[in-house]
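**Student:** Take a look at the letters that make up each chain.
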Amino acid sequence: MRKDKARVTGLDASPIIHIDQELCTGCQRCVAICPVDAIEGSKGQPQTVSQERCVACGQCVQICSAYASIFDDDIAPREQKIAERGLLPSVKEPLFAAYNRGDALKVKAALTNRSLFTMVQCAPAVRVAIAEEFGLPLGSLTPGQMAAALRKIGFARVYDTNFAADVTIMEEGSELIQRVTTGGTLPMFTSCCPAWVKYVEQTYPELISHLSSCKSPQQMAGVLFKTYGAKVDGVEPEQVFSVSVMPCTCKKFECERPEMEASGYRDVDVVITTRELAQLIKDAGIDFVHLTEEEFDKPLGTYTGAATIFGVTGGVMEAALRTGYELITKEAVPEISMNFVRGGEGIRKASVKVGDLTLKVAVVSGLKNAKVMMEQIKAGKADFHFVEVMCCPVGCVSGGGQPKVLLPSDKPGSYVSRTANTYVHDENLLLRKSHDNPDVQKLYETFLGEPLGHESHHLLHTHYTARK
Amino acid sequence: MELLPFVIADKEKCTGCRVCEIACHSYHHSVGKTIGTVTRPIVPRLFVKRKSGGMVPVQCHQCEGAPCARACAPKAIRIYCGRIVIDTGRCNNCRDCIQACPFGAINLTPADQENPCVSFSEAEVHLVGNKCDLCLGRDRGPVCVEACPGQALRLADPLADKREKNRQAAQNSQYLYRTGR
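Chains S and H supply the protein sequences, listed in that same order.
All letters in the first sequence, in the order written, are residues 1 to 468 by the working numbering.
All letters in the second sequence, in the order written, are residues 1001 to 1181 by the working numbering.
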């Protein structure tokens, strides 16, 4: 069997995005959707992924419709493919040519290892999609059932990426204000999308200084689990096994980046996708649909509406504005819901009056649109202070690790529903601004000090690697 | 005269993506909107195959003198609502229809749609004949035609096609016929 050449590597030399050479029919729908033209091959022949160019966004995995049919007589047995892909043997769904490396077995093993104290975080986009894998309508909002399921499969602490998203806003908002007031590098870009970060590193390394030095919420959560979180629970950091559930395949790459060990240990031990979590839940025989809703654990599971909108394009920007406005003017932002930064794929621009300052912001979704922005910056034509960039079409809710819609005609509707319910969740939460999160306030008071301070710098900020 | 319509593919446009097969399965089986809800193997009623120069789906031609219908001993196969359908209640899975069909358009599949099973090797499962029925019951017609990302499939109405070809031929040959000698 021919080996595929897909490789995106970090510490673990195991590639994340693969194309099964036996199943690929060469239809090239993946080629069309790849934002970095990383897929190569002739029409009608199996395609391969270029390791250097691939940013592991997983859009190819989402679009691939070439499946292993029971009528195909010249392909390896299903059991073999399941093992190769790192899937739980209990997985029943069809297998496709383009796929991501599976890591659910590592999570299952950790959950049965009594010497480990398992902490889990889920991205905001997971809670508006996971129920789809259990037959509920596209975009169903089920955070309570998600938390209950995580507890049932055995996690000691059901924390949340959204807590760390609130922390990210504190750090990134402060960083933006600092850059604006002290003549720092502008525009500043968000750095929470790891595919976008890798894209900058390999395509525009000369513009790396524009990236916020903030880690992504996933990585901030991971490092906090093994430091602050370990203290809270009175466990040794080396006992903590830190798991992250993401709508994203590139987050597997992010957690393996060599520098992501500020806690003294691997900050995030393993990342699984929304789909893999659904498979784990089914594997454990849990009836997700009929679970009673439960709360996330405190302190690292408390979150605001500002955090949960990180999952959609424009959400990070809106969250940053809700807090940034107040940090600068000392007054509450007049309108919490900011429709002018919301939308779909493309580039949206806005000018926001924040006290005496007119903050010029842009929201970009889709890496091809990011390229347009980067060229504008190089030409000196990008007059912005702050730019949010997301690789996936409408942000993380459309990520490579999300439930894969069967029919192409249902894809747009899935984006619309997941996005809409993300905003519904925000509107129904008591706290909607990151700086109002009491557990974030406590984190700073008792552990971090203040945003951009010494502890923050050490744990929550990072550096990037030119990859050209 | 009635010629039954059937789905045909434009082999220039087919890329072999197999969306048609997935769409076909999703209409005929109870699945949710996502892959994770599919617990049984995908069993389509059209089959994308490689041919020289490309890929093309093969499916039932809704033959008027259907060999499958003539071969069927329990008379489970007949014309119904403008298509050849298999009455799975009468099917005794004798496989004569499968042997008779020159296109390989018929397969055997488990009759019980609710029972999850991963492969056909499970001997206890009751199998019945299964073939393209032009998505009987679907107002918008065959789902494969709608779902194809490259619009490579269409529901061909042989009589309408014939009339169109006659018309085109008459148009194009206007100088062939002269008046007088």
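Take these hints with a grain of salt, some might be off.
[Claimed, not checked] Not everything, but these chain H residues come out facing chain S in the computed CB check (under 10 Å):
| hint | residue |
| --- | --- |
| 1 | His1025 |
| 2 | Phe1047 |
| 3 | Ile1079 |
| 4 | Cys1081 |
| 5 | Val1085 |
| 6 | Asp1133 |
| 7 | Gly1137 |
Rather than coming from a laboratory, the hints here were simulated on the basis of the structure.
Just so it is clear, the structure is predicted and the values come from calculations on it, not from any experiment.
Even for Gly, the Cβ is constructed at its ideal location relative to N, Cα and C.
**Student:** A separate judgement is required for each hint: does it hold in the structure or not?
**Tutor:** Status of the hints after comparison with the structure:
1. For the restraint placing His1025 (chain H) at the interface with chain S, the shortest Cβ-Cβ distance is roughly 9 Å, inside the 10 Å limit, so the hint holds.
2. At about 6 Å, the closest approach between the beta carbon of Phe1047 (chain H) and any beta carbon in chain S falls short of 10 Å, and the interface hint on this residue holds.
3. Nearest Cβ of chain S to the Cβ of Ile1079 (chain H): about 27 Å, over the 10 Å cut. The hint is violated.
4. Evaluation of the Cys1081 (chain H) hint against chain S yields a violated restraint, the C-beta minimum of about 24 Å exceeding 10 Å.
5. Hint on Val1085 (chain H) is violated. Least Cβ distance to chain S is approximately 21 Å, over the 10 Å limit.
6. This hint is violated: Asp1133 (chain H) has a C-beta 19 Å from the nearest C-beta of chain S, more than the 10 Å allowed.
7. Of the supplied interface hints, the one on Gly1137 (chain H) is violated, with its beta-carbon coming no nearer than about 18 Å to a beta-carbon of chain S, more than 10 Å.
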